[in-house]
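Asker: Sequence order for the protein chains is A and B. Per the numbering used here, the first sequence starts with residue 595, numbered consecutively. Per the numbering used here, the second sequence starts with residue 595, numbered consecutively.
It cannot be assumed that every hint is accurate.
One copy or two, either will do: identical chains are not told apart, so a pair holds if it fits within one copy or between any two.
Cut-off 20 Å, straight-line C-alpha distance, at most; resulting in silico cross-link-like pairs (SDA-like, lysine to any residue) [as the list claims (entries may be wrong)]: (1) K733 <-> R847; (2) K733 <-> E836; (3) K811 <-> G717; (4) K811 <-> G896; (5) K811 <-> R873; (6) K748 <-> E792; (7) K733 <-> R897; (8) K688 <-> E716; (9) K811 <-> T843; (10) K688 <-> E915; (11) K811 <-> A706; (12) K811 <-> E836; (13) K675 <-> V656; (14) K733 <-> G896; (15) K675 <-> K688; (16) K733 <-> L845; (17) K785 <-> A669.
Just so you know, these hints were derived from the structure itself, not from any lab.
Here's the letter readout for the chains.
Protein chains: 2
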Amino acid sequence: MVRIALDAMGGDHAPLAPVAGAVRAARAWGYEVQLVGREADIRPALRDQGDLSGVEHLLQIVQAPEVIEMSEHPASAVRSKRHSSMAVGVELVKNGGADGFVSAGNTGGVLATALLGLRRIEGITSERPALAAQVPTLKGFCVLLDVGANVDVKPEWLAQFALMGSLYAEIVLGRTRPSVATLSNGEEEGKGNALLVEAIPLIRALPIHYVGNVEGKDITAGVVDVVVVDGFAGNVFLKGAEGVVATMTELIRQELTRNPLSSLLALGLRPAFRSIRRRLSYEEVGGVPLLGVNGVCIVAHGRSTPLAMQNAIREAARCAELHLVPRIRERLISL
Amino acid sequence: MVRIALDAMGGDHAPLAPVAGAVRAARAWGYEVQLVGREADIRPALRDQGDLSGVEHLLQIVQAPEVIEMSEHPASAVRSKRHSSMAVGVELVKNGGADGFVSAGNTGGVLATALLGLRRIEGITSERPALAAQVPTLKGFCVLLDVGANVDVKPEWLAQFALMGSLYAEIVLGRTRPSVATLSNGEEEGKGNALLVEAIPLIRALPIHYVGNVEGKDITAGVVDVVVVDGFAGNVFLKGAEGVVATMTELIRQELTRNPLSSLLALGLRPAFRSIRRRLSYEEVGGVPLLGVNGVCIVAHGRSTPLAMQNAIREAARCAELHLVPRIRERLISL
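Model the full assembly from the supplied sequences, consistent with the hints where possible.
Answerer: Next comes the structure, spelled out in structure tokens:
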């Protein structure tokens, strides 16, 4: 059975949310979870989970004395804290003690730790691994990468993102011949910045189903399986979309509570609104895989709830079970 | 009274929507509107507007035999069609026959025509003028520029966008000491791509109220008055936000019509939903000013309705009445 190392100290609600997520993942799917962090913090959080009979043997505490805080500068924190929960968790993946690592901590810290500990897959040349988010769409999910790890991108890197995104959609999300598009400021051939204009011929040469440019509005419409973009614009899109959902939710709340009648009607629609919120929630996916390193690493949202952590653990387990990393490696070698 | 040249041939619903918008603007605010385009097309559209008594003297047809189509390649169309409705409209602004120009046609065509006909304001060095969109927020509107005219941007240009955006917010939107931010992939000092890292010291040196970086989610939250970004990421954000609004609207429609009870409750909430749609609609602003050229130019949405055209005409009139262009020129000289 798959074994996942979990950063028990990462995220705004650590250690409680990671520990609760681990218990839920063990109970739901029988995954083994290594809770990595300060034992003195993890033990009480585990006790808070109530009766652990049936899953206790699946949960193991792995001591790590240091914590990389959310507010720390990633590069220097990673250099100075060699025994952080992130470093120990990544080391477990490296030496085969775990099949994947999950953290809701400082994203820059996870990126730097993973790169340092696991190194790049042979052939990958980007400065950092790519963050591949699943964006909710009308038809399901669209894989968007990079959403923030590499803000100044070379054409060759964008092509590697396209290849890895396509493999991820095929292997982990089960899409047959996933459609891959580049994100641009217009659909027409030739639209785009200098980076795109140079990258597109490289992407066209890859053994993937590349369909051309799409615009920002096409992502949530769900017209393609994978969208490739530099980490700067990808981050602007992802956080922008989060912001629009939050703003629209608030506008709806204001309008629907404007008078007693609308408040009453809205009350009856609560299940419908709950269902919409669930479809747009990051909790359902849980985490974003870091593509390009020699091992499974999932970055979860800093605000992760137990449900989000549980789903991030499942995401890591699926990537491991389906051999995502070796299959990316093979494909890169065969190019 | 202000006189606006209107591209009667521009947009998906031309000439009907521009002509109807002109009639509405003349009736509502007494603006003079020059309908620029093929007289044989404009005359029947004018007749369709019914009784024009009281505004007939405000509406004038200016003959232009050629039309730049939505699908045409802007640069070559502008070169080959010297007598297009865009060229004639921009010429009216140049020679003082009109105080501003409005078009819902091919955006690239308007940009190229305006640049060719009006040239840059002294001191402006960007490849093209910047498109300054007003994004609806929880608190009103946020000016976002550039949203697509310049996809490969130099640090100096970004600083010019910041200055022009600040002046636009102050002069046209009436904001006192508008707050200006750069859009980045994180709020922390030092976050951003190479462009931003180089541009920020230039922006800090300007006589504007610069507040640092914001992220995508902060735009619709309304935390600042003006957000500056390169035209590639700005376009990705703007179209992405449009897409999220459309997707969420569709998800809500699906959920609220899932069963007879929710359909019935939703029916009672129609006025509330209409009000939300209105707050998020581009029609209320109507058009996006093109900042950096020697004259008032407003690009309206290709799908513009008569209401959107009417509001775009008002936007042009306000920019002209408030002397936006001369005031940008003065500020640039005084730097």
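Asker: For every hint, state whether the structure bears it out.
Answerer: Hints, one by one, checked against the model:
1. K733 <-> R847: So K733 and R847 pass the 20 Å test across copies only (15 Å; inside, 25 Å).
2. K733 <-> E836: Intra 18 Å, inter 17 Å, cutoff 20 Å: intra and inter.
3. K811 <-> G717: Close neither inside one copy (33 Å) nor across copies (35 Å); limit 20 Å.
4. K811 <-> G896: Answer is between: at 15 Å across copies they meet the 20 Å cutoff, but 27 Å inside does not.
5. K811 <-> R873: Result: close both inside a copy and across copies, 18 Å intra and 19 Å inter.
6. K748 <-> E792: both (9 Å within a copy, 19 Å between copies)
7. K733 <-> R897: neither (26 Å within a copy, 25 Å between copies)
8. K688 <-> E716: within (15 Å within a copy, 59 Å between copies)
9. K811 <-> T843: both (19 Å within a copy, 13 Å between copies)
10. K688 <-> E915: within (16 Å within a copy, 67 Å between copies)
11. K811 <-> A706: The answer is neither: 32 Å in one copy and 25 Å across copies each exceed 20 Å.
12. K811 <-> E836: both (14 Å within a copy, 6 Å between copies)
13. K675 <-> V656: So K675 and V656 pass the 20 Å test inside one copy only (16 Å; across, 73 Å).
14. K733 <-> G896: neither (26 Å within a copy, 27 Å between copies)
15. K675 <-> K688: within (18 Å within a copy, 64 Å between copies)
16. K733 <-> L845: between (25 Å within a copy, 10 Å between copies)
17. K785 <-> A669: For K785 and A669, the Cα distance is within 20 Å only across copies (13 Å; inside one copy 36 Å).
Of the numbered hints stated above, those contradicted by the structure are hints 3, 7, 11 and 14, listed in ascending order.
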